[in-house]
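Enquirer: In the order they appear, the protein sequences are chains A and B. When we follow the numbering used here, the leftmost residue of the first sequence carries the number 1, and every step to the right adds one. When we follow the numbering used here, the leftmost residue of the second sequence carries the number 496, and every step to the right adds one.
Since the hints were derived computationally from the structure, they do not count as laboratory data. In this text the structure is predicted, and so the values were computed from the model without any measurement. Misleading hints may appear alongside valid ones.
Label pairs and their calculated CB-CB ranges [as the list claims (entries may be wrong)]:
| hint | chain 1 | residue 1 | chain 2 | residue 2 | range |
| --- | --- | --- | --- | --- | --- |
| 1 | A | E347 | B | I571 | 48 to 58 Å |
| 2 | A | A89 | B | L520 | 36 to 46 Å |
| 3 | B | Q589 | A | A146 | 16 to 26 Å |
| 4 | B | N548 | A | A89 | 27 to 37 Å |
| 5 | A | L168 | B | P570 | 34 to 44 Å |
| 6 | A | G61 | B | E569 | 36 to 46 Å |
| 7 | A | G236 | B | E569 | 38 to 48 Å |
| 8 | B | I571 | A | N203 | 31 to 41 Å |
| 9 | A | D75 | B | I571 | 14 to 24 Å |
Derived SDA-like pairs: lysine to any residue, alpha-carbon spacing no greater than 25 Å straight-line [what the hints assert, rightly or not]:
| hint | chain 1 | residue 1 | chain 2 | residue 2 |
| --- | --- | --- | --- | --- |
| 10 | B | K556 | A | E91 |
| 11 | A | K359 | A | S254 |
| 12 | A | K169 | B | E553 |
| 13 | A | K359 | A | T383 |
| 14 | A | K130 | A | Q58 |
| 15 | B | K583 | A | R155 |
| 16 | B | K583 | A | A151 |
| 17 | A | K385 | A | L217 |
| 18 | B | K591 | A | D108 |
The C-beta atom is built at its ideal place from N, Cα and C for all residues, glycine as well.
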Amino acid sequence: MFTHVPNYPQIEKIETGIIGFDLISSGGLPKGRTTLVSGTAGSAKTLFAVQFLAEGIQRSGDAGIFVTFEEEPADIRRNVKSLGWDIEAWEAEGKWLFVDASPDPVQDQVESGRYDLGALLARIEYAVAKIGATRLSMDSLGAIFAQFRDAAIVRSELFRIAYVLRQLKVTSIMTSERTQEYGEIGRFGVEEFVADNVLILRNVLEDEKRRRTMEILKYRGTSHQKGEFPFTIVSGRGILAIPLSAMELNQKSSIVRISSGNDDLDRMCGGGFFRDSIILASGATGTGKTLITTEFLKGGAKHGERCLLFAFEESREQLFRNAEGWGIDFEAMETAGLLKVVCAYPESASLEDHLIEMKDIIEHYKPNRIAVDSLSAMERVATPKGFREFVISLTSFIKHQEVAGLFTSTTPTLMGGTSVTETHISTLTDSIILLRYVETNGSMRRGLTVLKMRGSIHDKDILEFNIDGTGMHLGEPFHHITGILAGNPRDVSFG
Amino acid sequence: MTDSQNPAVAWCLRLYIAGQTPKSLAAISNLHRICEEHLAGHFSIEVIDLLENAQLAEGDKIIAIPTLVRKLPEPIRKIIGDLSDTEKTLVGLQLKPKTG
Chain A
1 MFTHVPNYPQ IEKIETGIIG FDLISSGGLP KGRTTLVSGT AGSAKTLFAV
51 QFLAEGIQRS GDAGIFVTFE EEPADIRRNV KSLGWDIEAW EAEGKWLFVD
101 ASPDPVQDQV ESGRYDLGAL LARIEYAVAK IGATRLSMDS LGAIFAQFRD
151 AAIVRSELFR IAYVLRQLKV TSIMTSERTQ EYGEIGRFGV EEFVADNVLI
201 LRNVLEDEKR RRTMEILKYR GTSHQKGEFP FTIVSGRGIL AIPLSAMELN
251 QKSSIVRISS GNDDLDRMCG GGFFRDSIIL ASGATGTGKT LITTEFLKGG
301 AKHGERCLLF AFEESREQLF RNAEGWGIDF EAMETAGLLK VVCAYPESAS
351 LEDHLIEMKD IIEHYKPNRI AVDSLSAMER VATPKGFREF VISLTSFIKH
401 QEVAGLFTST TPTLMGGTSV TETHISTLTD SIILLRYVET NGSMRRGLTV
451 LKMRGSIHDK DILEFNIDGT GMHLGEPFHH ITGILAGNPR DVSFG
Chain B
496 MTDSQNPAVA WCLRLYIAGQ TPKSLAAISN LHRICEEHLA GHFSIEVIDL
546 LENAQLAEGD KIIAIPTLVR KLPEPIRKII GDLSDTEKTL VGLQLKPKTG
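Chain B extracted, bound-state conformation (with noise of 0.2 Å):
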């Protein structure tokens, strides 16, 4: 069984993101929509706004909006962009096995 499969690995997922833009407001549902259907019931979702909390970038290293951080399981991986791109987003994620 998966790490995604099994309801007791709680996924902590971080999505930075600045101020309230299409880019923004696309990786918050693009990425409630891939959890939905691949983590269900096993995960949180913390959203950053930069522009009220700069100073939370520093930590992970961001520099690209939006970026997303697997905190958990380990390893940390990232992903930047809105996340538009599903297939590229599972792969990041590691819920889906890197092909070609």
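Chain A on its own, in the form it takes in the complex (with noise of 0.2 Å):
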């Protein structure tokens, strides 16, 4: 990573306690200052500005005050508390409080003559000394313009509370609603000029999927990371964003081999998998990539290592049948505690669910092995845009877990062809092995090669191999045969 070192003082932030924010936005909010939350409706701003309150209080015992122009307390108390938040309890403690301004729907308002909002500003001062806020919350700024005729006065008076938030150093966010998830910031086509830092949340409907991002789009005076992040939202903990590219590319490499579970593999690997590699298999349907993966655990399991696979397409039962015949007891693995098996179908959840549960049981269990048969499946959820910062952000995860990692991955045709994941992945994995199918003279036979060896040499021999009650057993190569890799296999021994 490059080191830059700046000559002015940098602008102070403040974790947030998102998880994944904090990341995206190199260390939280700027300290003191405003910033913007822009959203269409249904962008989840008003959860993170409750969020943000919520983690101040959680993670060190930070005041906040919750200004609504728009839901009424009781709503709001009672909208979050399926996220594990108790807003009754915090106000009891005399950290949380209410600054209600949401609109009376039977009162209306008549205006004659010149007003500002210093009754707001007021409350505001009053709130912040009562319970010695540091953070502050503002929903939504839609709202009270809606609330005035005078939509000048509205916004001198947001620049006044802005600048006097600053004085009282409390660090603090306004949301705002926009019409379209690209182009202007805000409604009022003033929201940008009132906030030193703009944070955009979207939710974008991208081939009948729905997709959550963020996006900080000025950062003033400060780093931050670009573009948009994909974020999904979790029953008990909120906004969870997934920083892809906040990644740092500082992965130990090791030099230990482990075992393939499979001896001529093993070999034709010089030696085996180095120890914390990622490997990705891949071929057609039937080809052998679940035996492959089965031999992976059970090699695994064999040394003492704790192995873990997430299965995408094939039920419990479905697997320890097929290791049952294949010579291997699954269940002998499980019970000798070497063994979790976590089933799942692709459509349950969002990729960005997926993604946080698949994170959630690697930390408790803590494996040594990871295998995920087939990463492919899930394709089928997620747009490719989204499907790539899957597979780069499991992948990384990974390898900072400093365990080995098999992937599979279906190809969509039955004779050579490459999926989508190899495009996305082969860059980032250690290992490439390919499964293919062989038709010469009216039969199919199959065939496997080492394409890439991280650190290692290896064999490069397509060779034939066979599959028995004992498992996968190479043999030897097809040396009159070319173009299997192409799929379009070719007898050359009398050419």
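From these two lone chains plus the hints, build me the complex, please.
Expert: Quick look at the structure:
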């Protein structure tokens, strides 16, 4: 990583506690400043505003003020209960205070002569002083513009409020609604001038799939990660961002070899896989990917390693029966505490949710080996961009754990071909194993080759292999056949 | 007979201000003038300065300054501004029907 040494004093930031956001923003929200959080309806603006205060209370006991222009406090208290936040309890402890500026539905208001929003400011100042608040959320600007006829007054008063909050050293958020996902920042065209910093939340419909992202558009005088980052909302935890490019390439490389679980394959790889490498096994359906996975897990358990399998294509029963057919006892491995099998349908959750759950399981189980069979099944539930981010994020995460990871990928065509998964992760993986059907003289045979083995010499032949009751057995190379990888095998023994 | 003409109906008005600003002072004098003219003998005015008692703004959910609240007779009505537009103030207090 490049180390950038600035000559000017860096703006101090406070960690929000919103997982992922602090990474994207290189340390959180600028301290004592106002940040605008803008998004369309349903983009989780209010949630962000609530979570900013909730995390402050839970992590460091920071007291917070919630200024609501839209929803009534009772509604907000009720709506966030499901996320595990008990606002009432915090109010009782003097850690949370509402400033209720929500419109009264029955009273209409007449304007006569000049006015300003001095009462709002006085109430905010009073509330901040009362509980010693250091955080403040205002939700949302659109609702306060709607309460008054003169937008110019509201605008200049918002400036005044932001200025006073800065004097009080309160770090604050103002939310604002936009009508389009891409376009001007706020509806009133003035919001971006009120705040030094702008965060955009999006809820985009892409190929019939909803995808939430956040992007820091402006962070005056301070650094941040650029671009859109996917996030998700998890019950009990709130907003979770999935920073991708925020990840650092600082994984260590090990030269310790581990067994693939198959002696023949170990030989081809020059003595086994590296302990903290990512291996991709790619092939058409039925070429033996699940078998390679199963043997990989067996190889781990045999050496007392903890193995974790994420299965997205087959059920637990199917997997255990398959293993038994190849002479491998998954049940015994599980009883010994050396195997954990997690089965899920890709369709059961969004990709972001899957990723978070997988990370949780990995962090709790602390495996030495992780297998994902198959990674390409996840392509079904995501956009190409979302899938690429998922793969990169998962790969980086596993690499950080310094464990071995084996991913399988199903190619869409029976003969040859590559999958999207391969395209996305081939540069991230340390080893690539290709499994291919080879059609010759009216019969279907199977071939395996090690395409890439980072940091090691390996066998470059395409070997024929057979599968029997004891697993996979590699045989002789296909010496007289070319075009196997391209999916167009030709016998050249007489040519 | 309307509420304004009936001396038996007590008018209870509350004016929120923040300090002795020109807007606040204008609102106070405009309010007194209008009340003397239309509600002579049966009104009371309470002035609340939020610089001294900010917490009192919470109950009436006051945002703007000055804000006049008609507490009685019910229903509660709110008029914001320095009350310099007499016509609008009268309409807001329902001392005059809405025209146009």
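Enquirer: Each of the hints needs a verdict: does it hold here or not?
Expert: Each hint, compared with the structure:
no.	hint	result
1	A:E347 x B:I571: 48 to 58 Å	53 Å, holds
2	A:A89 x B:L520: 36 to 46 Å	44 Å, holds
3	B:Q589 x A:A146: 16 to 26 Å	24 Å, holds
4	B:N548 x A:A89: 27 to 37 Å	28 Å, holds
5	A:L168 x B:P570: 34 to 44 Å	37 Å, holds
6	A:G61 x B:E569: 36 to 46 Å	44 Å, holds
7	A:G236 x B:E569: 38 to 48 Å	45 Å, holds
8	B:I571 x A:N203: 31 to 41 Å	38 Å, holds
9	A:D75 x B:I571: 14 to 24 Å	22 Å, holds
10	B:K556 x A:E91	19 Å, holds
11	A:K359 x A:S254	22 Å, holds
12	A:K169 x B:E553	23 Å, holds
13	A:K359 x A:T383	21 Å, holds
14	A:K130 x A:Q58	19 Å, holds
15	B:K583 x A:R155	24 Å, holds
16	B:K583 x A:A151	20 Å, holds
17	A:K385 x A:L217	20 Å, holds
18	B:K591 x A:D108	16 Å, holds
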